[in-house]
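From first to last, the protein sequence lines stand for chains A and B.
So for the first sequence, this note's numbering puts the first residue at 1; every next one is plus one.
So for the second sequence, this note's numbering puts the first residue at 1001; every next one is plus one.
In short, the hints are calculated from the structure, not lab data.
Among the clues, some could well be false.
[To be verified] Calculated cross-link-like contacts (lysine-lysine; reagent style PhoX-like; alpha-carbon spacing at most 20 Å):
| # | chain 1 | residue 1 | chain 2 | residue 2 |
| --- | --- | --- | --- | --- |
| 1 | B | LYS1042 | A | LYS42 |
| 2 | A | LYS71 | A | LYS179 |
| 3 | B | LYS1222 | B | LYS1193 |
| 4 | A | LYS50 | A | LYS341 |
| 5 | B | LYS1179 | B | LYS1209 |
| 6 | B | LYS1309 | A | LYS50 |
| 7 | A | LYS179 | A | LYS222 |
| 8 | B | LYS1309 | A | LYS309 |
| 9 | B | LYS1050 | B | LYS1309 |
[Claimed, not checked] If the Cβ cut is set under 7 Å, some of the chain B residues that face chain A in the computed set are:
| # | residue |
| --- | --- |
| 10 | LYS1042 |
| 11 | ALA1043 |
| 12 | PRO1068 |
| 13 | LEU1104 |
| 14 | VAL1107 |
| 15 | THR1108 |
| 16 | THR1177 |
| 17 | ASP1294 |
| 18 | ASP1296 |
| 19 | ALA1314 |
| 20 | GLU1324 |
[Stated by the list, open to error] Ranges between beta-carbon positions, derived for each pair:
| # | chain 1 | residue 1 | chain 2 | residue 2 | range |
| --- | --- | --- | --- | --- | --- |
| 21 | A | ARG293 | B | ASP1357 | 48 to 54 Å |
| 22 | A | HIS310 | B | GLN1157 | 53 to 59 Å |
| 23 | B | GLU1282 | A | ARG271 | 24 to 30 Å |
| 24 | A | ALA290 | B | SER1100 | 28 to 34 Å |
| 25 | A | ARG106 | B | ARG1122 | 57 to 63 Å |
| 26 | A | ARG288 | B | ASP1296 | 37 to 43 Å |
| 27 | A | SER121 | B | ASP1323 | 16 to 22 Å |
| 28 | B | THR1177 | A | HIS310 | 27 to 33 Å |
We treat Cβ as the ideally placed atom computed from N, Cα and C, and that holds for glycine.
Number of protein chains: 2
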Amino acid sequence: MFEFEIQKKHMHSGARLGTITTSHGRIQTPAFMPVGTQATVKALSPEDLKNCGAEIILGNTYHLYLRPGHKLIEQLGGLHRFMNWDRPILTDSGGYQVFSLNDLARVTEDGVTFRSHLDGSRHLLSPELAIEIQQSLGADIIMTFDEPTPPDADEAQTLQSLELSTRWARRCQEAHTRKGQTLFGIVQGGMFKNLRNESARQIIDLGFKGYAIGGLSVGEEKALMLELAEHTAPLLPENAPRYLMGVGTPDDLIDCVKMGIDMFDCVLPTRNARNGTIYTSEGKLNIRNARHRDSDRPLDPECTCYTCKHYSRAYLRHLYMADEIFAMRLNSLHNTAFFQKWMADIRRAIAEDRPLDWRLPESGENNGG
Amino acid sequence: MFEFEIQKKHMHSGARLGTITTSHGRIQTPAFMPVGTQATVKALSPEDLKNCGAEIILGNTYHLYLRPGHKLIEQLGGLHRFMNWDRPILTDSGGYQVFSLNDLARVTEDGVTFRSHLDGSRHLLSPELAIEIQQSLGADIIMTFDEPTPPDADEAQTLQSLELSTRWARRCQEAHTRKGQTLFGIVQGGMFKNLRNESARQIIDLGFKGYAIGGLSVGEEKALMLELAEHTAPLLPENAPRYLMGVGTPDDLIDCVKMGIDMFDCVLPTRNARNGTIYTSEGKLNIRNARHRDSDRPLDPECTCYTCKHYSRAYLRHLYMADEIFAMRLNSLHNTAFFQKWMADIRRAIAEDRPLDWRLPESGENNGG
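So that you can see chain A by itself, here it is in the shape it has in the complex (with noise of 0.2 Å):
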């Protein structure tokens, strides 16, 4: 099942309060996504996630193809039940990954030509197959195959690209046959606003149960990234949702959110607490930071997921310094809180009519990401 309702449109932007319902249950939207690339949201068990009020997760279909497989996760009754993630989880379509991990993927009308990054094996990825991997792990809510047009494509060749990821947009709805399972589709059109208009066309025209923005994830230009997005948001319909694919920062959803997107992923939260930055209502902070040393505060005093609850930033600083797997889990578990947090917030400012026009905090500190 899939089903979209807006309870309510903000006041002071175009901002939608929402609810997803799928046969694992309700999202609440806006929503952000934890990313769980291998089967696993990096170093955070689904209690865990379930405590930071994660409602969905996404995972990636050309690392789960590549590794451990998608038939011997559908074997094995799918990915819910592989990974034990009882809620909705989203697949991407392996598009992204094909070419951000290979230097030498090959497009031809047939799909993607690409050699493992595990094992240096060749690989066709086409529309049937990211539908057939998709299928086989059974996601809620699926993807469409596409290719992301490079950022430095001029306007002929994102035309042709665009065009290319529209038919094979349409394959991909030939091919996908799961009940249960709801397929999007990803409008494209590089950095030109006329050839998003005519993506989010070619796209709408196919007629989808939600639609994403594509080539706009954290990387790209930022000022750019959120003129194009604020010019695509309101290309899609209004009724079903839209997705923002690979974004973004604290600030970036407020931003996003307000041009009417309403789900985002990121790897953001969970990659940055492996790093050692974590994100507080103070602004972002370094647990390496030698003024954390001897400090009993938590990493955030308005926080109260598991790690401020029981931890020091000094203990966290000692267990990241000491090279402990245990500050992995308590990091991440924390920025996927701040995030989940975050987005509570955003909501709770879109029920109240409350303006969204809030910021995360300079920190002042040289946290390094």
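Given the coordinates of chain A, assemble chain B onto it according to the supplied hints.
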């Protein structure tokens, strides 16, 4: 507070069923203590440890002295609060690590001069400093600082060494002033039964509330280790707990419980877990083994730990091969639960006067550990 009560003696062996009571709670004996070297039992949370059934853990004076420093931990409320563990803790004295981690450690009457394995800085660890550190950490049970006699020492060297350890033990007693914390003595004597007798006589003469047998940990020659433990255990006072340091495998634990040993510690379950070697009621297995690739079975069908309740061997193998942090936690949790259940089974057999006649089955799997 410190009380040791023997509830029952075993009909078929020298084993005893007992209870140690400390101000942080009760420990059922015979007990196995997971090792929390750097103020964390690697990859596990305090809740994980409790769910495994651990009633006491061990901390390492040497490591905590060098990083983050005992004064820092004291200032933050002691080791219990620092690491969020509210059950009993035992700290060793650092004597073992000073030698095992420093090839050039130099012994004088005063103490041991060594260089930090972290930064090469010079330190002198003396009986007085070992007690000062352990008083700052605030463990419930602390150990005298002794010289672990090298296993290849001759009789004259061993005698000299055990007599030095006795003098140091007396200095530890004099230095120890902290209330609510109990100091155990350690019997050395190397590979010589007559010198084990001599050391036991001297240490018992000093008078402690508990006695450890040192110098026989995993890594020594197995048959000789068992023979010397069996010789030494009955030399120790009946009404005090007996602690065999650094032992051992599941079979060692049974053998040594039968000699009347009450306490054990070893890194084996957690270190092996991180190498992929798993203890099960069917024997050891290595989770990397290709035969587990598509296995829907839990690690151990007889185990009720979190890992076995929720995850297949196929999932655990996938996490391990993908180098995921969560693998370390799930494997460590299972092995720790296995060792705790092993001890609970031993205690039940003593209580019911059944023979302690079982062994860990041979798995037939080449498990490399």
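Hint-by-hint comparison with the structure:
no.: 1; hint: B:LYS1042 x A:LYS42; verdict: 16 Å, holds
no.: 2; hint: A:LYS71 x A:LYS179; verdict: 18 Å, holds
no.: 3; hint: B:LYS1222 x B:LYS1193; verdict: 16 Å, holds
no.: 4; hint: A:LYS50 x A:LYS341; verdict: 12 Å, holds
no.: 5; hint: B:LYS1179 x B:LYS1209; verdict: 14 Å, holds
no.: 6; hint: B:LYS1309 x A:LYS50; verdict: 18 Å, holds
no.: 7; hint: A:LYS179 x A:LYS222; verdict: 38 Å, violated
no.: 8; hint: B:LYS1309 x A:LYS309; verdict: 27 Å, violated
no.: 9; hint: B:LYS1050 x B:LYS1309; verdict: 16 Å, holds
no.: 10; hint: LYS1042; verdict: 6 Å, holds
no.: 11; hint: ALA1043; verdict: 4 Å, holds
no.: 12; hint: PRO1068; verdict: 4 Å, holds
no.: 13; hint: LEU1104; verdict: 23 Å, violated
no.: 14; hint: VAL1107; verdict: 27 Å, violated
no.: 15; hint: THR1108; verdict: 30 Å, violated
no.: 16; hint: THR1177; verdict: 25 Å, violated
no.: 17; hint: ASP1294; verdict: 6 Å, holds
no.: 18; hint: ASP1296; verdict: 6 Å, holds
no.: 19; hint: ALA1314; verdict: 6 Å, holds
no.: 20; hint: GLU1324; verdict: 5 Å, holds
no.: 21; hint: A:ARG293 x B:ASP1357: 48 to 54 Å; verdict: 53 Å, holds
no.: 22; hint: A:HIS310 x B:GLN1157: 53 to 59 Å; verdict: 48 Å, violated
no.: 23; hint: B:GLU1282 x A:ARG271: 24 to 30 Å; verdict: 39 Å, violated
no.: 24; hint: A:ALA290 x B:SER1100: 28 to 34 Å; verdict: 30 Å, holds
no.: 25; hint: A:ARG106 x B:ARG1122: 57 to 63 Å; verdict: 60 Å, holds
no.: 26; hint: A:ARG288 x B:ASP1296: 37 to 43 Å; verdict: 42 Å, holds
no.: 27; hint: A:SER121 x B:ASP1323: 16 to 22 Å; verdict: 19 Å, holds
no.: 28; hint: B:THR1177 x A:HIS310: 27 to 33 Å; verdict: 30 Å, holds
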